[in-house]
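Enquirer: Build the full structure now, drawing on both the sequences and the hints.
Residue numbers (the working numbering), protein chains in the order written: chain A, 1 to 464; chain B, 1 to 464; chain C, 1 to 464.
Since the hints were derived computationally from the structure, they do not count as laboratory data.
Wrong hints could be hidden among the right ones.
[Said to hold, decoys possible] Restraint ranges, calculated between C-beta atoms of paired labels, are given here:
id : chain 1 : residue 1 : chain 2 : residue 2 : range
1  : A       : Gly418    : C       : Glu392    : 24 to 32 Å
2  : B       : Lys294    : A       : Gly418    : 30 to 38 Å
3  : A       : Pro287    : C       : Ser285    : 28 to 36 Å
4  : C       : Glu183    : A       : Gly418    : 36 to 44 Å
5  : C       : Pro287    : B       : Asp17     : 44 to 52 Å
6  : A       : Asp17     : B       : Leu286    : 45 to 53 Å
7  : A       : Ala219    : B       : Lys294    : 52 to 60 Å
8  : B       : Leu248    : C       : Arg216    : 54 to 62 Å
9  : C       : Ser165    : A       : Arg218    : 55 to 63 Å
Nothing here was measured: the structure is a model prediction, and the numbers come from that model.
Ideal Cβ placement from N, Cα and C applies to all residues, glycine included.
Each chain, letter by letter, is given below.
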Amino acid sequence: MNMRPPPEMHRDRVDFDSLGAEIYALASELYPICRSITGPGVRRTLDVIGRHIDIERQWVPSGEAVFDWTVPQEWTIRDAYIRDPQGRRVVDFNRSNLHVVGYSTPVRAVMPLSELRKHIFTLPGQPDLIAYRTAYYTPTWDLCMAHRECQLLPEGDYEVCIDSSFSDGRLDYGEYLHRGASESEFLFSAHICHPSLANDYCSGLALLTVLARNLRSRATRYSYRFLFAPGTIGALAWLSRNEHRIPLVEHGLVVSCVGDGGGPTYKRSRRGNAMIDRAMAHVLSLPQWNGTVKDFSPYGYDERQYCSPGFDMPVGLLQNSAFGTFPEYHTSADNLDFIRPEYLARSYRLILEVIDIIEGDWTPINLSPKGEPQLGRRGLYAALGGDKAGGEAAMAMLWVLNLADGTHSLLSIAERSGMAFSDIAFAARLLHEHGLLADAREDPAGADASGGGGLEERPVSVPI
Amino acid sequence: MNMRPPPEMHRDRVDFDSLGAEIYALASELYPICRSITGPGVRRTLDVIGRHIDIERQWVPSGEAVFDWTVPQEWTIRDAYIRDPQGRRVVDFNRSNLHVVGYSTPVRAVMPLSELRKHIFTLPGQPDLIAYRTAYYTPTWDLCMAHRECQLLPEGDYEVCIDSSFSDGRLDYGEYLHRGASESEFLFSAHICHPSLANDYCSGLALLTVLARNLRSRATRYSYRFLFAPGTIGALAWLSRNEHRIPLVEHGLVVSCVGDGGGPTYKRSRRGNAMIDRAMAHVLSLPQWNGTVKDFSPYGYDERQYCSPGFDMPVGLLQNSAFGTFPEYHTSADNLDFIRPEYLARSYRLILEVIDIIEGDWTPINLSPKGEPQLGRRGLYAALGGDKAGGEAAMAMLWVLNLADGTHSLLSIAERSGMAFSDIAFAARLLHEHGLLADAREDPAGADASGGGGLEERPVSVPI
Amino acid sequence: MNMRPPPEMHRDRVDFDSLGAEIYALASELYPICRSITGPGVRRTLDVIGRHIDIERQWVPSGEAVFDWTVPQEWTIRDAYIRDPQGRRVVDFNRSNLHVVGYSTPVRAVMPLSELRKHIFTLPGQPDLIAYRTAYYTPTWDLCMAHRECQLLPEGDYEVCIDSSFSDGRLDYGEYLHRGASESEFLFSAHICHPSLANDYCSGLALLTVLARNLRSRATRYSYRFLFAPGTIGALAWLSRNEHRIPLVEHGLVVSCVGDGGGPTYKRSRRGNAMIDRAMAHVLSLPQWNGTVKDFSPYGYDERQYCSPGFDMPVGLLQNSAFGTFPEYHTSADNLDFIRPEYLARSYRLILEVIDIIEGDWTPINLSPKGEPQLGRRGLYAALGGDKAGGEAAMAMLWVLNLADGTHSLLSIAERSGMAFSDIAFAARLLHEHGLLADAREDPAGADASGGGGLEERPVSVPI
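Expert: The following block contains the structure:
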């Protein structure tokens with residue numbers, strides 16, 4: 001077979017080892033900050049991200065209505081502890097910010113253990129771990145601690161302190177836009193409200209920050225928007241301020257829990273067959289990924305908001321292990337030991353593969369559709385006939401030629417043939433270079449409206 | 001979770017133990033009567049049913065054409081026996097009415113055993129049982145007896161007597177109508193032509209009689225028609241006299257063999273995806289039912305006539321064990337020991353669940369479709385965040401809200417979510433009470449024509 | 001059951017034993033001829049076929065453009081050998097024409113073994129077999145020999161001779177048309193370019209020749225075209241000269257490798273659900289065939305050309321073992337011992353079954369669609385009721401009556417019922433004879449356009 005080696009793919013130029021280390025380092029920097037849906041932790045997190053990419057800082061004042069919701073007051077937490085009868089801090093916010101239930105009202109009191117227990121939440125099934133709990137929108141106070149330690153507390157009077165305060169302030173979020181040739185967007189979304197949890201969610205924040213920064217050097221068809229916002233209320237705030245932009249979002253991913261060794265797991269958008277769903281399902285069906293694809297359900301991260309019936313956006317959820325399925329989830333065991341540079345790098349690579357599909361899909365039209373064109377005289381085919389195997393590269397060319405009737409995009413061809421999109425795209429590029437294929441966008445007369453992505457224009461300079 | 005307990009469902013008010021006993025008692029009363037497709041046995045059976053519900057008695061005279069058929073003469077059977085050479089009745093209609101093949105012509109003769117054997121039908125594989133056989137529309141006579149007894153008959157001359165007669169008379173059937181808010185109907189159909197067979201078919205007659213009587217106290221959207229008619233010719237007679245009503249039948253069930261411990265088994269209508277098919281398939285997919293759903297086939301009970309291509313009615317067949325699959329089928333072993341009150345009660349409960357779906361389906365429209373509405377401030381959601389499980393009730397609310405776009409009825413939502421219709425319906429009711437949902441029938445502008453049942457009007461007084 | 005035995009089917013009149021022997025004998029006659037895509041071997045093969053059926057000989061001159069291709073010069077091979085240092089012919093075209101790679105350029109030289117080896121192709125994994133190789137469209141020369149013999153060659157100078165020549169000549173092919181009542185065609189295609197390979201492809205040539213001859217005595221609805229043409233370039237030549245006929249081809253089969261004991265295997269056309277695909281899938285799903293159905297892929301025989309996007313013809317591929325999956329494929333082991341008369345007869349019978357479906361499909365309309373018609377009084381139904389099993393013949397009648405609404409052809413009814421087409425067709429014929437069915441073509445008002453085949457007219461004299 002007389003073929004040149006495949007052209008370098010974007011992801012082949014990437015040094016995944018150092019990328020994984022870089023994402024891990026950024027996650028480690030974000031980990032100690034005590035975040036909530038509002039307050040100084042969110043702003044400090046956006047500061048850190050802002051040192052890597054030029055995010056736009058946005059905010060919405062406390063009390064402003066956001067669809068059915070209202071932006072809450074800012075919550076500031078300075079300290080929280082329980083002192084036992086001997087004066088020892090048996091719970092200490094400075095050791096772990098998970099000890100205080102998010103949005104707890106301030107308290108400073110002395111009470112007997114029996115009374116105090118009503119305000120202590122433990123995980124009897126995981127007795128050494130501290131749970132992560134919040135109490136947004138409900139005026140109450142609670143603390144979390146390890147069940148085993150709680151069991152050992154002696155009777156007596158305890159001093160309990162939550163040094164928190166509420167004030168009219170704002171809800172902060174940040175966004176970053178990588179401009180492509182088109183205004184059509186690929187939205188990446190990460191929530192920014194979790195305190196010291198490494199997989200859920202420092203991993204996603206760090207990965208998307210590095211991805212956004214690296215995209216700067218790449219000319220793309222689509223524009224890429226990165227949204228770093230507190231869960232639920234933050235996504236709703238962005239949606240309410242950007243309703244006019246929503247039709248521009250052609251693909252979207254919520255990215256979470258991308259630092260552990262499970263999965264990968266993709267949850268489809270509500271539509272179920274959006275291009276992001278098809279691209280993800282295709283990649284995860286390849287033997288090297290062997291991932292899991294789940295149908296949409298309305299419980300999860302901010303895809304709940306994006307996929308609400310009033311928006312019905314093509315946004316899915318990418319994770320390694322699915323939330324709620326790993327024992328470290330929402331506990332103090334979701335720490336920096338739980339996530340690993342190689343898993344972060346693997347997730348990054350998976351996202352790059354999907355971007356390559358979204359960017360690289362087009363609808364070929366066979367210019368020699370009656371019978372097969374003679375690949376041999378173009379040096380595209382084994383010179384010696386009678387091979388028992390057709391060869392993968394030749395098969396990819398035959399599939400492209402056969403389905404290049406203007407109704408199949410490269411992704412459709414990959415789906416029907418069962419071959420990897422990258423092999424199909426390489427074959428199509430070769431055939432295009434040899435004048436055997438036209439691009440339906442250049443010659444729309446031959447193309448069916450159903451093929452390819454939704455982009456009208458396509459930059460000449462961008463590799464297919 | 002701050003939720004009130006679910007509202008009492010119709011079926012929760014039912015005492016199934018006493019219901020099962022009541023149905024069994026009625027089946028026992030019907031069992032001894034010797035029925036055929038015409039004659040006094042049918043009328044006596046309708047008399048018994050008429051003591052429980054106010055059925056309308058209908059009849060068609062012998063000789064009248066019914067589509068491709070003709071109503072046969074009435075057949076009256078008074079006695080039938082075989083006397084052996086010693087004068088003993090070795091076959092005796094008074095011991096079991098299965099001994100005589102239905103519609104046998106009269107005979108009174110003495111013949112040698114070799115000749116007699118040509119008129120005796122036995123079951124060599126079930127040597128102690130008497131088979132149930134009929135010979136409608138063919139002038140012949142035959143008797144059934146246990147194979148083992150037949151084998152023991154000594155040679156000699158036998159006296160055989162079938163004291164039957166044919167006369168111009170009528171084909172009888174009965175129907176009962178429970179009027180609902182709409183003229184649209186749910187048809188229940190049971191055949192009334194089988195002699196002493198308990199499961200097939202006294203169980204169905206008894207269950208439907210009790211159901212019809214109990215419906216009197218329930219305000220319903222649909223009207224419910226109960227048809228008690230001889231198999232094939234009776235169903236055809238009803239169809240021929242009610243062709244104008246057929247379009248009103250939106251759902252239908254033939255109910256048979258509902259007293260044994262197998263199944264439940266549902267056979268789809270010819271359409272395959274009528275609402276009755278979807279409702280049955282949904283209920284039987286729930287773990288507590290774990291029933292079997294079979295595709296339509298044109299062999300069976302009167303669904304054969306309802307689903308003939310000229311009618312193509314949405315009528316399926318509900319059974320416990322499927323006919324022909326249990327060894328007692330069409331033998332003397334299908335007696336009152338074979339059916340049990342608890343199985344009759346279970347079938348009754350299953351039918352009530354399906355009625356609850358047919359009555360309770362509606363198409364919700366989310367009045368807060370952009371993002372999720374804030375369930376927490378309405379007391380509809382766990383006050384303490386961070387739960388590992390979302391909770392079944394919360395999931396049901398999220399599913400309803402997510403799919404309440406006017407194209408999904410509650411049954412569609414149950415199907416897509418995999419949750420029980422009753423959970424979905426409860427969630428929808430709660431959300432409706434809190435002003436989060438509209439009903440597409442009240443606000444048709446927001447609803448797609450494909451959603452919900454076919455009823456135009458809906459009574460205000462009826463619970464959703 | 002009072003039914004007459006089924007009418008004799010076409011295939012029941014066939015003596016398959018003698019047919020298998022006849023096909024085998026013809027394959028044996030074709031086997032020794034050295035064919036290529038052009039040249040005297042092709043013409044001699046057409047001569048042999050022409051002694052059985054009255055084929056039209058067609059040709060295209062060398063140099064003529066055929067779509068993207070050009071008809072090559074004729075290749076004539078007279079002799080080819082290698083003489084070892086002792087003068088012995090260690091490779092000899094006269095012993096096996098596989099020794100010379102097809103379209104090798106002439107050579108006559110003496111060279112050391114090391115140089116010669118560059119032109120010898122062997123199969124190390126099958127060391128006793130000679131491979132079949134070609135080098136069309138590339139000026140080169142090569143020889144094939146058994147790997148084990150090649151390994152034993154002593155060092156020294158070897159004389160190599162390929163006595164071939166190229167000349168402006170022509171590409172030959174032959175076609176035979178059996179005219180039916182309609183101009184619509186069923187195309188059978190076999191390639192004629194392989195040298196001494198028995199299964200691939202003498203089996204197909206011989207089978208189709210005998211089939212074409214035997215069809216002469218059968219009045220058919222469709223016209224049947226048999227094409228015997230060199231692979232790829234021959235099919236393309238036929239397509240280029242018959243573009244106006246392509247829309248007439250309603251069904252097509254490439255027939256290959258039909259003499260071995262594997263399979264049967266059917267590869268769908270590109271359309272996937274053409275009538276030939278449905279008929280083949282139906283027959284192969286029957287327990288007596290238990291064959292394999294594969295989705296279309298663009299690698300294979302001349303279905304590649306017929307199914308190219310510019311034609312997209314409804315042409316599938318029928319084989320026993322699929323090409324490339326049996327070890328004898330494209331080696332000297334694909335000889336006359338590898339194919340067997342009984343396998344050839346089996347393939348013939350399978351094709352007849354498919355022809356019976358294509359010929360015998362029609363769309364029945366139930367003339368008594370309201371309820372079931374009374375089969376009993378027409379002698380079509382068991383006289384004695386209460387049978388536990390409905391009986392296969394009765395089931396077939398019930399299915400036909402139930403689905404005879406003008407939207408289901410007999411093939412559709414066979415598909416939905418899971419019963420054999422032949423049983424459904426027999427039942428339909430019986431019901432038609434009893435006046436219970438009309439034929440949608442005779443009474444088009446009642447028929448839906450989607451039913452049945454595409455034939456407009458239908459000869460009265462042809463059995464259904």
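Enquirer: Going through the numbered hints above, which ones does this structure break? Give me the numbers in ascending order.
Expert: The structure breaks only hint 1.
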